[in-house]
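Chain order of the listed sequences is A and B. Our numbering puts the first residue of the first sequence at 1, with every later residue one more than the last. Our numbering puts the first residue of the second sequence at 1, with every later residue one more than the last.
By construction, these hints were calculated from the structure, which means they are not laboratory data. Check each hint, because a few of them may be wrong.
[As the list claims (entries may be wrong)] Derived DSSO-like pairs: lysine-lysine, alpha-carbon spacing no greater than 27 Å straight-line:
#	chain 1	residue 1	chain 2	residue 2
1	B	Lys568	B	Lys587
2	B	Lys628	A	Lys204
3	B	Lys587	A	Lys4
The structure presented is a predicted model; accordingly, all values stated were derived computationally and were not measured.
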Amino acid sequence: MHDKLNQLIETAGRIVLGKENQIRLALCCILAKGHLLIEDIPGVGKTTLAHTLARLFGLHFQRIQFTSDLLPADILGSNVFDARNHAFEFHPGPIFSEMILADEINRSPPKAQSALLEAMEERQVTIDGETHRLPKPFFVIATQNPNEQIGTFPLPESQLDRFLMKIELGYPDRQAERSLLQGAERHRLIESLPVCLPAEQLQKAQATVCEVHSSEAILDYLQSILAFSRGYSEYPLGLSPRAGLALLSASKARAFLEGRDFLLPEDIQSVIAAVAGHRLRTSESGNVRSASVVAPILEGVAIP
Amino acid sequence: MLTQENQAPEKSATLFTLLVTLLVALPHVFHVPHSIFVFFIGLLGYRLAGIRKPSLPMGKTPLLGFTGCGLGLLSFEHGTLLGLEAGTSFFLVSLGLKMLELKRVRDLYLIVFLCFFVAITQFLHTQSVLMIFYIVLTTCLLVTALVGLSTGSILPLKRRVKLSTVLVLQAIPIAIILFLLFPRISAPRIGLASPAGAARSGLSDSMQPGEISRLSQSSEVAFRVDFKGNPPPVRDRYWRGPVFWHTDGSRWTPVDHPSGSAYPVDLSGPKFRYQVTLEPHGRRWLFALDLPANKPPGSSLTPEFLLLNGKAVTERISYSLISVPRYNTGSLNETERALGLQLPGHPSSRIAALVGRWQKPETPPQAVVQKALDYFHDEEFFYSLSPPLYPKNPIESFLFESKRGFCEHFASAFVYLMRAAKIPARIVTGYQGGEFNTLGRFLEVRQFDAHAWAEVWLANRGWVRVDPTAAVAPERIEQGFEAFRQQEPGTFGLGTLSLVESLGIFQNIRFAWASLDHAWHQWVLSYNAFNQHELLSRFGLADLRSMVLSLTGALAFCLVLTAFTLLKPAPAKADKGLSLYLRFCRKLARTGFKRRDNEGAFDFARRVIRERPELGPQILRITGLYHKVRYGRFYSSEDLNDLARSIQGLRIKP
Numbered sequence: 001m002h003d004k005l006n007q008l009i010e011t012a013g014r015i016v017l018g019k020e021n022q023i024r025l026a027l028c029c030i031l032a033k034g035h036l037l038i039e040d041i042p043g044v045g046k047t048t049l050a051h052t053l054a055r056l057f058g059l060h061f062q063r064i065q066f067t068s069d070l071l072p073a074d075i076l077g078s079n080v081f082d083a084r085n086h087a088f089e090f091h092p093g094p095i096f097s098e099m100i101l102a103d104e105i106n107r108s109p110p111k112a113q114s115a116l117l118e119a120m121e122e123r124q125v126t127i128d129g130e131t132h133r134l135p136k137p138f139f140v141i142a143t144q145n146p147n148e149q150i151g152t153f154p155l156p157e158s159q160l161d162r163f164l165m166k167i168e169l170g171y172p173d174r175q176a177e178r179s180l181l182q183g184a185e186r187h188r189l190i191e192s193l194p195v196c197l198p199a200e201q202l203q204k205a206q207a208t209v210c211e212v213h214s215s216e217a218i219l220d221y222l223q224s225i226l227a228f229s230r231g232y233s234e235y236p237l238g239l240s241p242r243a244g245l246a247l248l249s250a251s252k253a254r255a256f257l258e259g260r261d262f263l264l265p266e267d268i269q270s271v272i273a274a275v276a277g278h279r280l281r282t283s284e285s286g287n288v289r290s291a292s293v294v295a296p297i298l299e300g301v302a303i304p
Numbered sequence: 001m002l003t004q005e006n007q008a009p010e011k012s013a014t015l016f017t018l019l020v021t022l023l024v025a026l027p028h029v030f031h032v033p034h035s036i037f038v039f040f041i042g043l044l045g046y047r048l049a050g051i052r053k054p055s056l057p058m059g060k061t062p063l064l065g066f067t068g069c070g071l072g073l074l075s076f077e078h079g080t081l082l083g084l085e086a087g088t089s090f091f092l093v094s095l096g097l098k099m100l101e102l103k104r105v106r107d108l109y110l111i112v113f114l115c116f117f118v119a120i121t122q123f124l125h126t127q128s129v130l131m132i133f134y135i136v137l138t139t140c141l142l143v144t145a146l147v148g149l150s151t152g153s154i155l156p157l158k159r160r161v162k163l164s165t166v167l168v169l170q171a172i173p174i175a176i177i178l179f180l181l182f183p184r185i186s187a188p189r190i191g192l193a194s195p196a197g198a199a200r201s202g203l204s205d206s207m208q209p210g211e212i213s214r215l216s217q218s219s220e221v222a223f224r225v226d227f228k229g230n231p232p233p234v235r236d237r238y239w240r241g242p243v244f245w246h247t248d249g250s251r252w253t254p255v256d257h258p259s260g261s262a263y264p265v266d267l268s269g270p271k272f273r274y275q276v277t278l279e280p281h282g283r284r285w286l287f288a289l290d291l292p293a294n295k296p297p298g299s300s301l302t303p304e305f306l307l308l309n310g311k312a313v314t315e316r317i318s319y320s321l322i323s324v325p326r327y328n329t330g331s332l333n334e335t336e337r338a339l340g341l342q343l344p345g346h347p348s349s350r351i352a353a354l355v356g357r358w359q360k361p362e363t364p365p366q367a368v369v370q371k372a373l374d375y376f377h378d379e380e381f382f383y384s385l386s387p388p389l390y391p392k393n394p395i396e397s398f399l400f401e402s403k404r405g406f407c408e409h410f411a412s413a414f415v416y417l418m419r420a421a422k423i424p425a426r427i428v429t430g431y432q433g434g435e436f437n438t439l440g441r442f443l444e445v446r447q448f449d450a451h452a453w454a455e456v457w458l459a460n461r462g463w464v465r466v467d468p469t470a471a472v473a474p475e476r477i478e479q480g481f482e483a484f485r486q487q488e489p490g491t492f493g494l495g496t497l498s499l500v501e502s503l504g505i506f507q508n509i510r511f512a513w514a515s516l517d518h519a520w521h522q523w524v525l526s527y528n529a530f531n532q533h534e535l536l537s538r539f540g541l542a543d544l545r546s547m548v549l550s551l552t553g554a555l556a557f558c559l560v561l562t563a564f565t566l567l568k569p570a571p572a573k574a575d576k577g578l579s580l581y582l583r584f585c586r587k588l589a590r591t592g593f594k595r596r597d598n599e600g601a602f603d604f605a606r607r608v609i610r611e612r613p614e615l616g617p618q619i620l621r622i623t624g625l626y627h628k629v630r631y632g633r634f635y636s637s638e639d640l641n642d643l644a645r646s647i648q649g650l651r652i653k654p
């Protein structure tokens, strides 16, 4: 299993150059059955990463481009009257696939956003009083542009909370960029990727992640982090219990990825920026990178 | 708790309590009448049968019946409830009867607590080292029973025994502190002491031939002596006891002297300093090596050089003495001369003829003494452990007919002969010899070392010790009684001692045991109010007030300490791994690698290894073990030991 995962990381690294850490985090997110939010300026490879992951897991992939005039029905689907049968027929929208890429999610007004986010939480959609289950597994990888860009509708805290992780890609380093410039077209490369971890194996891996042991000592550390975030004056709101659970499951996925069956403080430390960054806001306004948001926590909480 | 205590006890708990009760009470088999002990065992047996067969009646009727039996037995055996023996019997019977009332866990608790009391009562009877061991052992079992009662059968028996042993061992230091500091009360044990002198063997205050030879059957310790320096040779070890003047021809008795100090005595020559630990014998006299040059505080010295204690020796006492074996007692007053020549009527013609043969007008008394000794030596006299009894004219029948006798026969015949020759003479009884314990460097004198010898008064020399036994059986005096007896064919009198004696290893064991016993007596049992005062005044705790104060202080200190340890959160098992890891961190910190508070062990290890790659394998191993112990799902104590060893073995060159 670990060989396959490592192979997967390596393969993805050939597409998304120089971003191994982000690939690992994204993988953690998927293993922990969480949804992923990628935030960065356009053109740094957000879509490519999402596309690559979908391909490597062999998941049915749909892309929804969020625009300012997107309606919920465009995402979820709608009942259409069939004149021949004299009946309404449900036409599923793009959400009925195993992996969704919700591109530039903050370009849409809240109505469309919330349609997606409800589906993410419930893993089902209800249209005209009829409930339709979404496929399993079901992942949403959303990308968004930094909020200061023109024409964006920032996601409210409660909706950000739906995403297990938010990662940032950033510009590639010089060498990676050179390889990118020299290499073949990304789209064609993705098309040629093999499936590394089929869906049923992924589900098995996800089940194993849940089994990772968290000792008393590690829970002490986790709780210290939560308590610290609630008492730190720079954070208007501390981490919620759901954030604590998210942190725990993301850390477990990272421990699993490292080949361990128990949690270490390092696991928490390496995922905390991605898990807690978008849930915490520092009192200074503007866009602050997740790493610097959680820095006081990493500095201030001693490992017991 | 209350509900648990009111529940019926488990069978195993009842069985265990029965067993422990039996063990605790067992030594009392020597202290109470046999019928009482059998009755007690019977009650335990009835209770045991009740466990097997629950239909056996345990109610009021059998209880009343048994109580009646017990009371009848008590009044038949003792007739009273006062006194040590009767009290013990009563206690034992009550304990047995309480067994029949055993219905709830609460009753078991009560019985266990009663058993603690029974254990203490053993000390009223004997205070030997063996008993201490036994009581500590049974105390462990009693605590085990208590642990079992409060935990039920959750803990396996082995764990319960271990727990209780640890508890008892923890209590021992407290017991020692209390022993040393708690005020020693030197109150007489009224009503508890066994009847004075009745059961004790030892010398008596009169002498009749046959009495001392009876003592030779007893190997009880009479006293022990610690010499400062070397002990005197065996032939000089005459331990002076009562002196007898008056005789009716068979029985010898002492004379009540007008109290006064001993005569001025010339005591020049080598001195022996020693300390005697005397077993209780119910009389006043204190034994001393011939002749004592001082007297212990509270005692007096009679004109016949017998040390008398202020009161009868009913408890073990110890006293320091200086003795001088070469002495001259000087002149003799008229009263004493008359006493020293006293005879019951005129000596018979045979004795007169015998003495007449030795005594020419010009012969000095010294030569007469020598002739008498020669007579014992040359004629066919035998030293015998079992001489015949001489009911009539004992001295004459001994001298002329059987010629077989023990030391008292020789001594009394010799004194009689001397008196017939008009030389003042008297009998001295006491002990001769004793066994030197080479291991503990002390002399042990037993009852079978009891001896009788003679003293004659010679002008210019005063009272001179003459031992006619030495003329007949010099080995008895040269080697000591025990060694002598082994040479005597066919007399295995006290086979036990003689047999083990022939095997060197057993002698060593015996010496070791005697040393332990002696040390126990000297350091523990003789720790009285006086010794305590002496000990504590060395630490500036001279008076009771400051002692109570320091005792309270020590207690308060201990309590505060206990409170602190109890208030501290109990360290979980995993924290052992943490404390080991922190030791590892301290070790690394000394070489400049300080782990930051928020740094994970693995990150830290990586940072160190970057700088010191040669430590890599060791550090990774330690970190891995630490992770397993602290964060892993399972770990064995072997992992913990492994971690400790690895950290121990980590050597970092600066």
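query: Hint by hint, which ones does this structure get wrong, listed from lowest number up?
result: 3
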